[in-house]
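First to last, the sequence lines map onto chains A and B.
Taken in order, the first sequence gives residues 0 to 223; the numbers are from numbering that gives the first Met the number 0.
Taken in order, the second sequence gives residues 0 to 223; the numbers are from numbering that gives the first Met the number 0.
To be clear, the hints were calculated from the coordinates, so they are not data collected in a lab.
Take the hints with a grain of salt, since some may be wrong.
Given that identical chains are not distinguished, each listed pair holds provided it fits within a single copy or across any two copies.
As the list claims (entries may be wrong) - Taking lysine to aspartate or glutamate and the EDC-like style, the derived pairs with C-alpha atoms no more than 20 Å apart in a straight line are:
no. : residue 1 : residue 2
1   : Lys148    : Asp70
2   : Lys23     : Glu57
3   : Lys148    : Asp75
4   : Lys2      : Asp70
5   : Lys3      : Glu24
6   : Lys22     : Asp51
7   : Lys47     : Asp34
8   : Lys211    : Asp67
9   : Lys3      : Asp70
10  : Lys211    : Asp34
11  : Lys47     : Asp67
12  : Lys47     : Glu57
13  : Lys22     : Asp67
14  : Lys2      : Asp75
Owing to the predicted nature of the structure, the values given are computational and were not obtained by experimental measurement.
Protein chains: 2
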Amino acid sequence: MSKKAVILLSGGLDSSTCLAIAKKEGFSCYAISFDYGQRHRVELSAAKRVADTLGTQEHRIVQLSLGDLADSALTDLRLAVPETPSEGIPITYVPARNPIFLSIALSWAESLGARDIFLGANIVDYSGYPDCRPEFIAAFEKMANLATKAGIEGEHFHIHTPLMHLNKADIVKEGAALGIDYALTFSCYQANAAGQACGVCDSCRIRADGFKQAGIADPTVYFS
Amino acid sequence: MSKKAVILLSGGLDSSTCLAIAKKEGFSCYAISFDYGQRHRVELSAAKRVADTLGTQEHRIVQLSLGDLADSALTDLRLAVPETPSEGIPITYVPARNPIFLSIALSWAESLGARDIFLGANIVDYSGYPDCRPEFIAAFEKMANLATKAGIEGEHFHIHTPLMHLNKADIVKEGAALGIDYALTFSCYQANAAGQACGVCDSCRIRADGFKQAGIADPTVYFS
Numbered sequence: 000m001s002k003k004a005v006i007l008l009s010g011g012l013d014s015s016t017c018l019a020i021a022k023k024e025g026f027s028c029y030a031i032s033f034d035y036g037q038r039h040r041v042e043l044s045a046a047k048r049v050a051d052t053l054g055t056q057e058h059r060i061v062q063l064s065l066g067d068l069a070d071s072a073l074t075d076l077r078l079a080v081p082e083t084p085s086e087g088i089p090i091t092y093v094p095a096r097n098p099i100f101l102s103i104a105l106s107w108a109e110s111l112g113a114r115d116i117f118l119g120a121n122i123v124d125y126s127g128y129p130d131c132r133p134e135f136i137a138a139f140e141k142m143a144n145l146a147t148k149a150g151i152e153g154e155h156f157h158i159h160t161p162l163m164h165l166n167k168a169d170i171v172k173e174g175a176a177l178g179i180d181y182a183l184t185f186s187c188y189q190a191n192a193a194g195q196a197c198g199v200c201d202s203c204r205i206r207a208d209g210f211k212q213a214g215i216a217d218p219t220v221y222f223s
Numbered sequence: 000m001s002k003k004a005v006i007l008l009s010g011g012l013d014s015s016t017c018l019a020i021a022k023k024e025g026f027s028c029y030a031i032s033f034d035y036g037q038r039h040r041v042e043l044s045a046a047k048r049v050a051d052t053l054g055t056q057e058h059r060i061v062q063l064s065l066g067d068l069a070d071s072a073l074t075d076l077r078l079a080v081p082e083t084p085s086e087g088i089p090i091t092y093v094p095a096r097n098p099i100f101l102s103i104a105l106s107w108a109e110s111l112g113a114r115d116i117f118l119g120a121n122i123v124d125y126s127g128y129p130d131c132r133p134e135f136i137a138a139f140e141k142m143a144n145l146a147t148k149a150g151i152e153g154e155h156f157h158i159h160t161p162l163m164h165l166n167k168a169d170i171v172k173e174g175a176a177l178g179i180d181y182a183l184t185f186s187c188y189q190a191n192a193a194g195q196a197c198g199v200c201d202s203c204r205i206r207a208d209g210f211k212q213a214g215i216a217d218p219t220v221y222f223s
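The shape of chain A in the complex, shown without the other chains:
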């Protein structure tokens, strides 16, 4: 029986590629997504489509009322999503999002008997989020192995970030080579109700550039 892994799946380009890589590496995949008050909640439909199409053992959507707590343009509809590149950490930063998501994934992993967790974090074309950097991932992994029964019993939890040092074009090529239909995926921070992308937010821009530089047709449907 193949080893189990938990994959954080937003339904975006990165996490979908990450799921395809975990499958290629032979893991039996358990996908987890979060309904946390994000304005782009339509991404959860993409996550479901991707999980169904690529194939997972289970796909869970965790309900978490984070929008009431976290100060971010991704959860507060009164704040505008930036439509031009900015310096530093953008207001789409959601405080401690990856610590929260990884901790919940860790809980499920320990319960399932999985010791491997995949996250599509990336520092090359990333948007300046501190909880996407390798220093954070290493510190989280260390904490996870001190926090859990399995960890202190010597069964090492491993946080895999196979996209960390790839640029977006390389991620697109990797996913395409693994057969992902990127039309299933969804990355926009402010899509409309029909699930069409804005084309101008950080996430859309980085994604569009990735397709362009990879020389692969961009299947995203834009409303603007």
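Chain A is already provided as a structure; the job is to place chain B on it using the hints.
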């Protein structure tokens, strides 16, 4: 204006004492509780009573569908809560509970401008949970300061665990000296619907011993 702190408040003896200590230290207190699928959900009423009585700036109850994911006697009604002391980590252990709760508290803290988080973790009379040990707290704090905007900008997040090295009797004495009415608090893992305690679970036994050894009358109402 006094410094803000986020206090993890279950409504139990330890976290209530922790809130009283944070107030004594002059912090402006923001309490956070979790509705995570625990069988002893009645503790949330105690958390509310304690927050109201001791006084907090705000008290938030976060909804989190953890019960579907975590394998624990505290969230799975098919598993029995142990009624005699056991060796090692008990089945009331909820995988990665403190990493999850602290990460969510961290998100709120960063959003509020608080850099101090209080947790009533304790290793003396504790029930064998790995995520209550000082090694875990230190690793979490390190991770938190690499994960967040404020952390990487040099504003240090500090996880306070003022009860870590106290025994339960000392915690009871400290809280009593700070004026806590422990009748407001609630610790049982398997209370009945009226909020009466079982008197036999680990949490009840450690609590009752604490009152006994402190020489303070136990105000807990037991059903058995």
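Evaluation of the provided hints:
1. Lys148 <-> Asp70: Close across copies (12 Å), not inside one copy (33 Å); limit 20 Å.
2. Lys23 <-> Glu57: Within one copy, since 17 Å is at most 20 Å while 48 Å is not.
3. Lys148 <-> Asp75: between (37 Å within a copy, 18 Å between copies)
4. Lys2 <-> Asp70: between (38 Å within a copy, 19 Å between copies)
5. Lys3 <-> Glu24: within (11 Å within a copy, 46 Å between copies)
6. Lys22 <-> Asp51: within (13 Å within a copy, 50 Å between copies)
7. Lys47 <-> Asp34: Cα proximity of Lys47 and Asp34: one copy only (12 Å, versus 26 Å across).
8. Lys211 <-> Asp67: neither (37 Å within a copy, 41 Å between copies)
9. Lys3 <-> Asp70: Only across copies: Lys3 and Asp70 sit 16 Å apart there, 34 Å inside one copy, limit 20 Å.
10. Lys211 <-> Asp34: Intra 31 Å, inter 45 Å, cutoff 20 Å: neither.
11. Lys47 <-> Asp67: Classified as between; 18 Å across copies, 25 Å inside a copy.
12. Lys47 <-> Glu57: Within one copy only: 10 Å inside a chain, 36 Å across chains, cut-off 20 Å.
13. Lys22 <-> Asp67: neither (35 Å within a copy, 24 Å between copies)
14. Lys2 <-> Asp75: Neither way: Lys2 and Asp75 sit 39 Å apart in one copy and 25 Å across, limit 20 Å.
The structure fails to meet hints 8, 10, 13, 14 from the earlier list, while all remaining hints are met.
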